[in-house]
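**Student:** Given next are the chains, with one letter for each unit.
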Amino acid sequence: MASEFAVEMQDILKQFVTPEGGILAAVNHVTMQIKDGEFFSLLGPSGCGKTTSLRMIAGFELPTDGKIFIRGKEMSQVPAFQRPVNTVFQQYALFPHMTVEQNIQFGLEMKGVPRAERSRRVSEALEMVRLPGMEMRKPKQLSGGQQQRIALARALINKPEVLLLDEPLGALDLKLRKEMQLELKTLQREVGITFIYVTHDQEEALTMSDRIAVMSKGLALQIGAPEEIYERPATKFVADFIGETNFLDGVVRAQNGTTVEVDLPGTGTVYVESSRKFTNGQPVSVAARPEKMSLNNEIKDGNNLKGRVEEVIYIGTDTHYGVRFAGSHKARVREQNISQAHKEIAKTGDEVTVSFTRTSPRLLTE
Amino acid sequence: MLKFFRGKKGFQLFGLLSPGALWILLFFNLPILIVLFISLVERGRAGGIKLPPEYTIANYSQFFNACSSQFAGPECDPFLYVGIFGHSVRIGLIVTLWCILLGYPLSYFISKQKQIWRDALMILVIIPFWTNFLVRTYALKQVLATEGLLNSFLMNLNLINQPLDLLFNEFAVVVGLIYGYLPFAILPMYASIEKFDHTLMEAAADLGAPPRRAFWRVMLPMTMPGVVAALVLVFVPVVGAFITPDIMGGGKVEMIGTLINRQFGVARNWPFGSSMSLILMLLVLIGVVLYFRSSTEETRRAM
Chain U
3 MASEFAVEMQ
13 DILKQFVTPE
23 GGILAAVNHV
33 TMQIKDGEFF
43 SLLGPSGCGK
53 TTSLRMIAGF
63 ELPTDGKIFI
73 RGKEMSQVPA
83 FQRPVNTVFQ
93 QYALFPHMTV
103 EQNIQFGLEM
113 KGVPRAERSR
123 RVSEALEMVR
133 LPGMEMRKPK
143 QLSGGQQQRI
153 ALARALINKP
163 EVLLLDEPLG
173 ALDLKLRKEM
183 QLELKTLQRE
193 VGITFIYVTH
203 DQEEALTMSD
213 RIAVMSKGLA
223 LQIGAPEEIY
233 ERPATKFVAD
243 FIGETNFLDG
253 VVRAQNGTTV
263 EVDLPGTGTV
273 YVESSRKFTN
283 GQPVSVAARP
293 EKMSLNNEIK
303 DGNNLKGRVE
313 EVIYIGTDTH
323 YGVRFAGSHK
333 ARVREQNISQ
343 AHKEIAKTGD
353 EVTVSFTRTS
363 PRLLTE
Chain A
32 MLKFFRGKKG
42 FQLFGLLSPG
52 ALWILLFFNL
62 PILIVLFISL
72 VERGRAGGIK
82 LPPEYTIANY
92 SQFFNACSSQ
102 FAGPECDPFL
112 YVGIFGHSVR
122 IGLIVTLWCI
132 LLGYPLSYFI
142 SKQKQIWRDA
152 LMILVIIPFW
162 TNFLVRTYAL
172 KQVLATEGLL
182 NSFLMNLNLI
192 NQPLDLLFNE
202 FAVVVGLIYG
212 YLPFAILPMY
222 ASIEKFDHTL
232 MEAAADLGAP
242 PRRAFWRVML
252 PMTMPGVVAA
262 LVLVFVPVVG
272 AFITPDIMGG
282 GKVEMIGTLI
292 NRQFGVARNW
302 PFGSSMSLIL
312 MLLVLIGVVL
322 YFRSSTEETR
332 RAM
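So the protein lines, in turn, are chains U and A.
Counted the way the working numbering counts, the first sequence spans residues 3 to 368.
Counted the way the working numbering counts, the second sequence spans residues 32 to 334.
Don't take every hint at face value.
Computed far set for chain A versus chain U, every beta-carbon distance over 10 Å [said to hold, decoys possible]:
#	residue
1	Gly179
2	Phe199
3	Asp237
4	Met253
Heads up, simulated DSS-like pairs for lysine-lysine below, C-alpha to C-alpha not over 30 Å straight-line [claimed, not checked]:
#	chain 1	residue 1	chain 2	residue 2
5	U	Lys37	U	Lys113
6	U	Lys142	A	Lys226
7	U	Lys219	U	Lys238
8	U	Lys180	U	Lys294
9	U	Lys142	U	Lys69
10	A	Lys226	U	Lys140
11	U	Lys142	A	Lys143
12	U	Lys140	A	Lys40
13	U	Lys69	A	Lys226
Simulated from the structure, these hints should not be mistaken for lab results.
All C-beta atoms in this analysis are idealised placements derived from N, C-alpha and C, irrespective of residue type, glycine included.
Assemble the whole structure, with the sequences as input and the hints as a guide.
**Tutor:** This is the structure:
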């Protein structure tokens with residue numbers, strides 16, 4: 003039975019026994035559906051369960067509980083060599099005793115594809131990763147970036163239902179990594195294979211993905227498109243992990259329809275639009291992105307808070323202002339340096355007004 | 032050569048290498064030259080060599096034609112010594128094969144354990160080295176003896192009615208040699224297997240290789256240096272072994288080592304013993320070289 007989902011994880015639990023004898027849930031009842039042809043990223047800090055999730059899809063680990071479907075077929079207990087997926091490993095895991103050609107054709111050889119077709123498809127695969135004529139090299143003779151592409155070719159030549167990538171760009175330097183990000187994205191669109199991409203780099207995930215699952219401590223906190231995750235983070239962790247966020251902690255004083263009145267003790271009162279229902283006295287965090295705040299540029303019907311500039315950081319495209327409010331609240335405000343002559347809006351120690359609209363912040367409780 | 036000494040760097044190199052070179056010269060090359068000398072002279076009447084020395088190649092021809100000896104009887108078998116040599120090589124191959132077949136899975140098993148268990152198990156492998164080889168062989172003899180541990184055990188279980196002949200035959204010699212040389216096989220193979228990156232097995236499985244094929248195509252080729260080292264480390268001493276065949280074979284199993292040993296002992300024929308030592312050395316050397324020629328580049332580099 004075909005399914006619209008390339009991979010489906012249903013209530014997956016993976017427990018490990020820690021060296022101390024305790025039980026640790028590396029993946030704690032995670033459910034996610036990855037659509038066919040999608041570039042899907044598992045994003046989170048190390049130890050969040052993203053690699054374990056990937057390894058369970060590949061078949062290197064079996065889930066303690068729950069089900070994994072690949073193209074609608076239950077695969078939870080199927081060994082790795084029988085799954086229609088291929089993996090690009092973090093350290094590439096190329097076979098050092100084989101040539102590039104032998105490496106790339108390994109999967110086809112296991113399937114019993116005739117030799118002539120194998121070598122034809124190897125040259126095609128090498129064309130695809132833009133390394134033609136490298137057949138007879140040994141992996142050791144290649145640079146990190148080249149090994150990366152060979153690993154990619156070795157996986158893609160099998161035309162897998164799903165390609166799993168475990169931080170494949172982690173070992174490359176920044177410039178090469180940026181290049182490879184775009185190249186991977188283009189390649190994915192060309193071959194039309196579902197990619198599941200594990201990374202701890204939020205920028206990488208935002209750049210490449212159709213959808214992202216943000217993971218922390220074995221939980222999938224939020225799954226959505228990059229814009230959704232950035233603009234409407236579901237939890238404080240997501241807001242903090244993806245990009246930069248100011249958290250202004252306060253309590254709900256009143257809610258009038260969709261407008262929520264939040265008291266920031268000592269700093270003032272702000273009004274935020276939210277479709278959620280809050281109870282009076284409930285503690286909340288007003289999560290506002292630095293670029294959605296402005297300095298000395300009062301917004302009518304918006305929020306305007308008085309504060310003092312504590313630091314000014316010029317970083318070329320932008321200038322960041324660290325502002326402390328009367329309460330214990332602090333915020334970072336980002337102003338773009340658009341005018342030709344860079345002019346500081348404020349200096350350290352200046353009294354300023356920090357403004358933001360009622361719709362731009364999120365009210366987060368967890 | 033002159034240029035080598037003239038250059039400052041060459042001189043430094045010479046200085047650094049000379050202690051080692053001297054060591055090898057004194058303790059390896061010189062003794063072999065002495066053996067070569069003895070092998071080329073006539074034996075003395077009461078052992079040792081005849082003085083002043085008289086040069087001859089009779090000691091070599093005696094190996095290839097046992098009947099050329101002055102003591103050969105009328106029913107002598109000209110291929111007596113060549114046959115013993117062949118027999119030794121056969122035992123050497125059997126023992127080496129068993130050591131690798133037993134040692135490889137064991138090394139793999141140990142390498143898969145937690146660090147603390149790995150260390151403990153490796154110590155258990157090494158512990159026999161701390162016991163005298165002779166003592167160990169005698170201990171094994173007690174196990175295999177007619178009224179020994181194994182036979183009594185099997186008899187008490189009523190699995191057998193009368194004791195099995197486990198001692199003083201080729202079986203006993205092979206068992207004794209495997210027992211004695213297994214650690215030499217485990218140590219290099221463990222070193223290779225422990226270094227092996229198991230992600231490569233995952234990669235092979237990921238590409239559709241069932242465990243068995245993944246082993247033959249990836250793990251075995253990559254741990255081959257350890258297997259080859261084990262092969263050399265076991266085969267070379269086993270072919271020339273003399274204590275084990277002597278004790279476990281009870282004088283009934285003749286190997287080239289026992290034969291040579293006898294020439295320097297009761298037979299008092301040093302020159303013949305020396306010639307056989309050199310022939311053994313040469314043939315083992317040729318075997319090893321041929322093996323390396325045929326093995327992969329990787330294997331050779333690892334040695």
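**Student:** Take the hints in turn and mark each one as holding or not.
**Tutor:** Hint check:
{"no.": "1", "hint": "Gly179", "in the structure": "holds, 44 Å"}
{"no.": "2", "hint": "Phe199", "in the structure": "holds, 46 Å"}
{"no.": "3", "hint": "Asp237", "in the structure": "violated, 5 Å"}
{"no.": "4", "hint": "Met253", "in the structure": "violated, 6 Å"}
{"no.": "5", "hint": "U/Lys37 - U/Lys113", "in the structure": "holds, 27 Å"}
{"no.": "6", "hint": "U/Lys142 - A/Lys226", "in the structure": "holds, 17 Å"}
{"no.": "7", "hint": "U/Lys219 - U/Lys238", "in the structure": "holds, 14 Å"}
{"no.": "8", "hint": "U/Lys180 - U/Lys294", "in the structure": "holds, 26 Å"}
{"no.": "9", "hint": "U/Lys142 - U/Lys69", "in the structure": "violated, 39 Å"}
{"no.": "10", "hint": "A/Lys226 - U/Lys140", "in the structure": "holds, 19 Å"}
{"no.": "11", "hint": "U/Lys142 - A/Lys143", "in the structure": "holds, 26 Å"}
{"no.": "12", "hint": "U/Lys140 - A/Lys40", "in the structure": "violated, 34 Å"}
{"no.": "13", "hint": "U/Lys69 - A/Lys226", "in the structure": "violated, 35 Å"}
Of the hints listed earlier, those the structure fails to meet are numbers 3, 4, 9, 12 and 13, in rising order.
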